[in-house]
Amino acid sequence: MGYSLYTRTWLGYLFYRQQLRRARNRYPKGHSKTQPRLFNGVKVLPIPVLSDNYSYLIIDTQAGLAVAVDPSDPRAVQASIEKERVNLVAILCTHKHWDHSGGNRDLSRRHRDCRVYGSPQDGIPYLTHPLCHQDVVSVGRLQIRALATPGHTQGHLVYLLDGEPYKGPSCLFSGDLLFLSGCGRTFEGTAETMLSSLDTVLDLGDDTLLWPGHEYAEENLGFAGVVEPENLARERKMQWVQRQRMERKSTCPSTLGEERAYNPFLRTHCLELQEALGPGPGPTSDDGCSRAQLLEELRRLKDMHKSK
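By UniProt numbering, the letter at position 3 of the sequence shown is numbered 3, and the numbering carries on one by one without gaps.
Heads up, a few of these hints could be off.
[As the list claims (entries may be wrong)] Here are the in silico distance ranges between beta carbons for each label pair:
1. A233 to K83: 33 to 43 Å
2. D113 to A276: 46 to 56 Å
3. L301 to D113: 44 to 54 Å
4. V136 to R185: 49 to 59 Å
If you're looking for bench data, these hints aren't it; they were derived computationally from the structure.
By construction, the Cβ of each residue, glycine as well, lies at the ideal position given by its N, Cα and C atoms.
Input sequences plus hints: build the corresponding full structure.
Written out as structure tokens, the structure is:
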């Protein structure tokens, strides 16, 4: 009931506006300290918004063109646009939830040539350019591919910035599909749907940088320690994350190679995790149903651990 009110009525929008006001008052400079990543003519700038969200600017520094990902606080995103002295030409929306799409209206009105991209299945506010799986958005030298990853919402998309044109790593802007050591809730799909979407990400290279939609790292790694307490990669990452968060520093990005080592939601094929959660189908089976059952159990345990 609460989810329907948030996504399908004006009460959801009013709740988002209240969140926005409170976060601006509590975190006038953002909830975390972020650092941009500068490659060969491309800059990725994380923007901390609301209480734990991230928006992003992807900038072609040679052309002075920018793409915004999930600009939920238009004031914060506009401030970054002005500081960088770039022209906003596109908004990429991963999904319809207000904490990812709430700034679409103000920014698209302010920047008249700005296109708003997203899935037509998801009810993205102020959508102008619908995208399908594998569609590519070109902005200057930026080549950004949309990948359909339903589960959190019916039309959820993630965006993959191709690293080849700037001879750097590819960058995955994952919205609420994938977080550092976590994944999003399955609001509009099944465990099988979410598993298929996570497998889409697993097909990407280990050096792909993960830029998630929320700062959930410490809580997620704490849960990962409950289900895989002997995972040394998780322990090392947790120590680093805790040092970062003590200084309110962002934990973004991680890499997909790292995530494969400690993110339980990407490890449903692993013997260690299947044994930790009790008896079930054979660990080496390719049976999607058995892995989906494990994913569903992980999500249930995570929701009990702490609501995120």
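The hints, checked one at a time:
Separation of A233 from K83 is about 36 Å and conforms to the stated range, judged on CB atoms against 33 to 43 Å. Range check, D113 to A276: Cβ separation about 52 Å, and the 46 to 56 Å hint holds. As the Cβ distance of L301 to D113 is approximately 47 Å, the hint placing it in 44 to 54 Å holds. Between V136 and R185 the beta carbon distance is about 29 Å. The supplied range of 49 to 59 Å is therefore violated.
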